[in-house]
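Chains as they are written, first to last, in the numbering used here: chain A, 1 to 246; chain B, 1 to 351.
These are computed hints drawn from the structure, not numbers from a lab.
This structure is a prediction, so every number in the text was calculated from the model and none was measured.
Virtual Cβ for every residue (Gly too), placed ideally from N, Cα, C.
Please note that a few of the clues may not be correct.
[Stated by the list, open to error] A few chain B positions that, by computed beta-carbon distances, are all more than 10 Å from chain A:
(1) L43
(2) L175
(3) G230
(4) Y242
[Unchecked claim] Here are some of the chain B residues that sit facing chain A, going by a computed Cβ distance under 8 Å:
(5) L109
(6) T113
(7) P172
(8) H173
(9) R192
(10) A273
(11) Q274
(12) M275
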Amino acid sequence: MNIRTLLIDDEDLSRQEMRHLLSDFPDIQIVDEAANANEALNKIRQHRPDLIFLDINMPGKSGFDLLAELDESPRVVFVTAYDEFAVRAFEANALDYLLKPVRPERLGKALETVREAIATHNPAFSGATPGRTAQLLPDSQVFIKDGEKCYFVRLADIFLFESEDNYVRVHFGAEKPLHRKSLNMLEEKLPPELFFRANRQQIFNLSFVTGIEPFFNGSLRVTLRGGIRVEISVRRAGEFKERLSL
Amino acid sequence: MFVALSKTQAYWLCQVFGWGAFVVYELVNYVGLGMFNLENALLISLAAPLGIGFTHAYRAVVMRWRLLEIPFLKMSLLALVAVFTLSLLLFLALLLVEWALQPGQFNWLVLTTPKYVFMSVLNWSRYVFVWVLIYHLYGLMERVNRSRLEQLSYENQLKNVELQNLKAQLNPHFLFNALNSVKALTHSDPRRAGDAVTLLSDLLRYSLNYEKQTVVPLSDEVAIVRDYLGLEKIRFNHRLEYTIEVEASANQWPIPPVLLVTLAENAIKHGIAQMINGGVLRIYAAVKNDSLTLVVSNTGQYHPNVDRQGIGLANIRRRLEMLYGAKASFVICNENNETVVATAQIPAFSA
Chain A
1 MNIRTLLIDD EDLSRQEMRH LLSDFPDIQI VDEAANANEA LNKIRQHRPD
51 LIFLDINMPG KSGFDLLAEL DESPRVVFVT AYDEFAVRAF EANALDYLLK
101 PVRPERLGKA LETVREAIAT HNPAFSGATP GRTAQLLPDS QVFIKDGEKC
151 YFVRLADIFL FESEDNYVRV HFGAEKPLHR KSLNMLEEKL PPELFFRANR
201 QQIFNLSFVT GIEPFFNGSL RVTLRGGIRV EISVRRAGEF KERLSL
Chain B
1 MFVALSKTQA YWLCQVFGWG AFVVYELVNY VGLGMFNLEN ALLISLAAPL
51 GIGFTHAYRA VVMRWRLLEI PFLKMSLLAL VAVFTLSLLL FLALLLVEWA
101 LQPGQFNWLV LTTPKYVFMS VLNWSRYVFV WVLIYHLYGL MERVNRSRLE
151 QLSYENQLKN VELQNLKAQL NPHFLFNALN SVKALTHSDP RRAGDAVTLL
201 SDLLRYSLNY EKQTVVPLSD EVAIVRDYLG LEKIRFNHRL EYTIEVEASA
251 NQWPIPPVLL VTLAENAIKH GIAQMINGGV LRIYAAVKND SLTLVVSNTG
301 QYHPNVDRQG IGLANIRRRL EMLYGAKASF VICNENNETV VATAQIPAFS
351 A
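Given the sequences, and given the hints that come with them, work out the whole structure.
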């Protein structure tokens, strides 16, 4: 299977070098190039690539800023010359990163990881991008940048979205970074079979529910794996019961 | 077994032992001269706490007014005055003690005999002198030690700045990007790749050697900046345009090494590299009124305290200050909405 790939780097020579290196891998099909984050945003929308090679230091917006703007992220291999900051950010969980100048065998290894990821979670990229209302999939990857820390997380692994001021706190594993999106915008794109809007503040993952009990005045309280409790408002309780009986 | 004493503890130990030794010495003396009696013994024993009291008060005055910091000659004078005053006070205090012990037998007329007063004060001053001498010598010793430490820390600071400049010069981000460009050129344009390697070598050589000199002629620095910009031009291509204008009078002017390189690097890193369409870098140098004006302007905007550009600029200021004191200046500001200008004024260098 061909892996449709977009190269994003502000330096012509850098992209040229990447093209040269990738020519050894016949399954990598380079669909386009972008020289900055805004251009990349458009081209990701246009091509819906399976994979992007992303430079971190770019004029205007960094590679991280670009990803944070997307609703879901394609598979990403970061490419950077030297960046302590970047390497620190990767500790969370990223696909892979390469250092410039790139060693061919190192690139080969990164591509193996990409192929594996695409094979296990396929299709990964639904094409939901800003301005498009396409629904995300349980396997969609979301990139979250909270201050200096960055996270890639599979939608299905998130158990709770909680609005906080104008942003959303995203709970998964032991992490709960702040995501710079609004809860309402997110709700539109979340797969409804997996996520349920409990009240004005919270959206939870149905597959994480371990217990349901009646609460005050006809509202419900669900317990999620890990012990977090979420109250389902009276207005939403009816729909929740309906959903469960299905 | 030794126990580390604090300065105050050591001071009090010296006071007690010193004045204790004084008492023992005087008593032995009286015995030796056959003049020992209870009255003398009592007076001498009372003189010790009085001595401690007066000298301690003197120490308080010295510490309060930081008199150990004043110039050596003044301090010597102060010490002499102190010896006299303390001796006089001791003498008078002991007269009071004598009178208090035997009011009936005491004769105030001794005070009207100048010779007696003078000899008594002189007598006391032998001891007080030793005290004041030891005290001030110790103070001087501390002062010398401290100034040596200060000198060391100053030198250390200077070295640190040099090191930081070296690090800033060998900016790894620049280095690896340049290497990556060269690698790309090896298949697309081998000739240019070769040229780039030469430029990079010159730049590396310069940055490894520059710290051996305090100043370099501007023309040397300009040559290296040309190499540097040549490399960045390969990387940024049409996104980077630059002009260098150095008036003939400025060519030989001595400047701190890597100053101009650092300015150019900052201009690219924080200015042009941040612009999607790139920009223009201008370097201008001229000598006016016995001072070099060095101007580096670039497309971009200066945001004080944003990201890490503060460190490089602070380093430049510190280096200029160390080499020229207040005579050099460095200013960076936004000329308009799209241009940042950094201006350094560098006076003639005198080693």
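Verification of the supplied hints:
1. L43: The claim stands: B/L43 keeps its Cβ more than 10 Å from every Cβ of chain A (closest is about 77 Å).
2. L175: violated (8 Å)
3. G230: B/G230 is indeed farther than 10 Å from all Cβ atoms of chain A, at 14 Å.
4. Y242: holds (17 Å)
5. L109: The hint is violated - B/L109 has no Cβ within 8 Å of chain A, the shortest such distance being about 88 Å.
6. T113: violated (85 Å)
7. P172: holds (4 Å)
8. H173: holds (5 Å)
9. R192: violated (10 Å)
10. A273: holds (6 Å)
11. Q274: holds (5 Å)
12. M275: holds (5 Å)
Taken one by one, the earlier hints fail for this structure at numbers 2, 5, 6, 9, listed in ascending order.
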